[in-house]
Amino acid sequence: SSAFAIGLLIVAAVGPFVLRSDARMLVLRAGALVCASGAVLLAVAPSLVIALLGGLLIGLGGALMLLVVPLMLNGPDAASRIARANAISSSLSIFAPLIIGAVDAFAPTGRLALLLTPPPLILLTFLCGRVSTVGVAGADADRTVYATPAPDGSVSASPAPSRQRRMRTPAGTAFTRWSRVVLAVSVEFCFVIWAVARLVDAGLPAPTAAVLGSAFPLGMAVGRLIGPVQLGRWPAVAPGVAVAAVGTVIVCASDSAALVTVGLALAGLGVATLYPITVADLIGTPGVRPAQLASLSAFASGTAILVAPAVLAALAGVVDLRTAFLFALPLLAVLLVIRVHHPASAATGERCGQAS
Numbered sequence: 001s002s003a004f005a006i007g008l009l010i011v012a013a014v015g016p017f018v019l020r021s022d023a024r025m026l027v028l029r030a031g032a033l034v035c036a037s038g039a040v041l042l043a044v045a046p047s048l049v050i051a052l053l054g055g056l057l058i059g060l061g062g063a064l065m066l067l068v069v070p071l072m073l074n075g076p077d078a079a080s081r082i083a084r085a086n087a088i089s090s091s092l093s094i095f096a097p098l099i100i101g102a103v104d105a106f107a108p109t110g111r112l113a114l115l116l117t118p119p120p121l122i123l124l125t126f127l128c129g130r131v132s133t134v135g136v137a138g139a140d141a142d143r144t145v146y147a148t149p150a151p152d153g154s155v156s157a158s159p160a161p162s163r164q165r166r167m168r169t170p171a172g173t174a175f176t177r178w179s180r181v182v183l184a185v186s187v188e189f190c191f192v193i194w195a196v197a198r199l200v201d202a203g204l205p206a207p208t209a210a211v212l213g214s215a216f217p218l219g220m221a222v223g224r225l226i227g228p229v230q231l232g233r234w235p236a237v238a239p240g241v242a243v244a245a246v247g248t249v250i251v252c253a254s255d256s257a258a259l260v261t262v263g264l265a266l267a268g269l270g271v272a273t274l275y276p277i278t279v280a281d282l283i284g285t286p287g288v289r290p291a292q293l294a295s296l297s298a299f300a301s302g303t304a305i306l307v308a309p310a311v312l313a314a315l316a317g318v319v320d321l322r323t324a325f326l327f328a329l330p331l332l333a334v335l336l337v338i339r340v341h342h343p344a345s346a347a348t349g350e351r352c353g354q355a356s
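Residue numbering for the sequence shown follows the UniProt record's numbering, starting at 1 and increasing by one per position.
Rather than coming from a laboratory, the hints here were simulated on the basis of the structure. One should not assume that every hint holds.
[To be verified] Here are the simulated distance ranges between beta carbons: (1) 259 to 122: 19 to 27 Å; (2) 26 to 208: 40 to 48 Å; (3) 107 to 179: 39 to 47 Å.
In this text, all values refer to a predicted model and were calculated from it rather than measured experimentally. The beta-carbon is built from N, C-alpha and C at its ideal position, and this holds for glycine as well.
Let the sequences and hints guide you as you build the complete structure.
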């Protein structure tokens with residue numbers, strides 16, 4: 001996760017430059033190839049240095065792909081599109097530890113399972129050539145189409161504002177939406193990183209905890225599968241925050257490993273739609289070039305992944321791990337109370353300032 005976070009911070013810095021001239025497919029290809037190379041290095045690494053290099057390349061390649069994907073999914077119903085994409089990735093991620101464990105039982109090391117990842121990544125590089133793209137941001141940024149998320153999580157495209165209007169757009173709008181992404185990803189990765197440790201703390205042996213720890217990504221997969229349906233009907237942040245908070249309380253309050261597992265599943269279900277909604281909201285910020293918004297999204301995720309799990313670990317050193325998980329509650333509370341104004345909603349007489 002640290003390698004991924006570092007990769008995100010690196011691509012966040014270079015994003016506005018590499019995405020200046022309709023280079024999305026090139027960046028996506030590069031990310032896939034870098035990630036595939038890292039997987040091979042990590043799988044066959046003869047030393048710790050090579051393994052670390054492989055992990056860093058995986059993180060950098062994944063970050064490059066993540067830089068581009070929100071831009072490709074931007075437009076009408078962006079939150080639903082991102083939720084569907086995340087549902088697929090969350091579902092597949094459940095099988096990763098199982099495959100690694102199976103390979104480890106019959107091979108010298110479970111790391112050899114990583115050799116399964118280069119073929120689909122290489123296939124992606126060929127598929128990219130078949131996708132026609134629209135410029136991300138050219139010299140004439142006024143021609144860029146901007147997507148404005150509505151309170152229900154859907155996003156409607158509208159012509160970009162004039163250069164003069166963009167200059168008047170406060171930076172606070174982008175910062176507010178960036179903050180929401182940081183909060184959503186922070187909660188998610190606190191559970192991703194520490195769920196198994198919490199189950200071990202509840203008395204389970206490590207192998208069993210590793211299996212039951214998949215309850216959180218399983219909950220996220222289910223939530224993101226049903227997310228596109230609920231995103232078109234009502235604001236999804238408040239229900240998501242409520243379910244995630246209930247799951248967090250169960251994880252913190254229970255001594256039973258079974259109840260902790262249930263809490264992890266509920267937390268995953270609640271967290272599921274928070275990232276798609278907040279990222280779609282950020283990418284749809286009016287008056288800012290999409291390349292800059294994609295970089296801000298990567299920067300938000302990288303910051304959250306590096307900082308939030310480390311803060312939870314520091315708290316666990318002061319109190320204990322089950323109590324430290326309460327750290328997620330204030331993050332959820334702040335995410336709930338931050339309001340985002342949607343100009344497009346005001347123009348149609350819909351509610352503005354509601355949490356999308």
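Take the C-beta atom of residue 26 and the C-beta atom of residue 208, compute their distance, and say whether it sits inside 40 to 48 Å. 45 Å, holds
Does the beta carbon distance between residue 107 and residue 179 stay inside 39 to 47 Å, or does it fall outside? 44 Å, holds
Is 19 to 27 Å a correct range for the gap between the Cβ atoms of residue 259 and residue 122? Violated, at about 44 Å.
Comparing the model with each numbered hint stated earlier shows that hint 1 is the single one that does not hold.
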